[in-house]
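Start counting the sequence shown at 71; every next residue gets the next number (the working numbering).
Simulated from the structure, these hints should not be mistaken for laboratory data. Be a bit skeptical, because a hint or two may be false.
Derived lysine-lysine pairs resembling DSS-like cross-links, with alpha carbons at most 30 Å apart [claimed, not checked]:
1) K131 / K193
2) K153 / K169
3) K179 / K116
4) K125 / K153
5) K200 / K131
6) K153 / K179
7) K116 / K200
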Amino acid sequence: MKLHLLIPTALVAFVTSGCGPKDTPAAASAAPGPQTIEITAGDTMKYSITAISAKPGEDLKVILTNEGTQPAEVMGHNWVLLKAGSDVAAFDAAAITAKDTGYIPASLKDEVIAQIGLLGPRKSGEADFKAPTTPGEYPYLCTFPAHYQVGMHGVLTVK
71 MKLHLLIPTA LVAFVTSGCG PKDTPAAASA APGPQTIEIT AGDTMKYSIT AISAKPGEDL
131 KVILTNEGTQ PAEVMGHNWV LLKAGSDVAA FDAAAITAKD TGYIPASLKD EVIAQIGLLG
191 PRKSGEADFK APTTPGEYPY LCTFPAHYQV GMHGVLTVK
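The task is simple: from the sequences and hints, build the whole structure.
Take a look at the structure:
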């Protein structure tokens with residue numbers, strides 16, 4: 071008999087627990103985070119994403135994952151975002167001789183807006199930055215030797 075009395079009492083308590091005024095304030099909505107762009111690259115020397123759009127000054131997070139299987143010394147990948155108007159081919163040509171600095175030529179480092187360092191197989195890296203405030207097209211590329219030439223590049227369009 072007690073069991074029958076406990077079940078309705080518990081049920082009534084459960085059903086009515088949400089009734090009545092609340093003394094707790096409503097939860098504040100979370101601030102929006104950065105636009106996250108996830109790019110993959112592998113042994114085919116191609117980025118999965120070659121076009122990114124952003125608003126001027128927008129917070130961005132680029133995550134690069136090397137899904138390849140070959141060692142970094144043979145098939146490493148990076149992601150380098152350059153200023154609008156940069157000579158991408160010249161930057162890439164200079165990068166070939168910059169192995170000691172992760173294929174980022176010291177003489178052209180001031181052209182780099184953001185970068186993700188060289189990644190080996192099954193590794194990820196990220197770059198958190200604000201999109202440039204000036205609308206335009208900002209090229210990005212992999213500076214590992216020969217990767218740019220076979221098509222491992224793209225454009226961030228700020229508008």
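Evaluated hints:
no. : hint        : verdict
1   : K131 / K193 : 16 Å, holds
2   : K153 / K169 : 22 Å, holds
3   : K179 / K116 : 23 Å, holds
4   : K125 / K153 : 16 Å, holds
5   : K200 / K131 : 9 Å, holds
6   : K153 / K179 : 11 Å, holds
7   : K116 / K200 : 25 Å, holds
In this structure, every one of the numbered hints holds.
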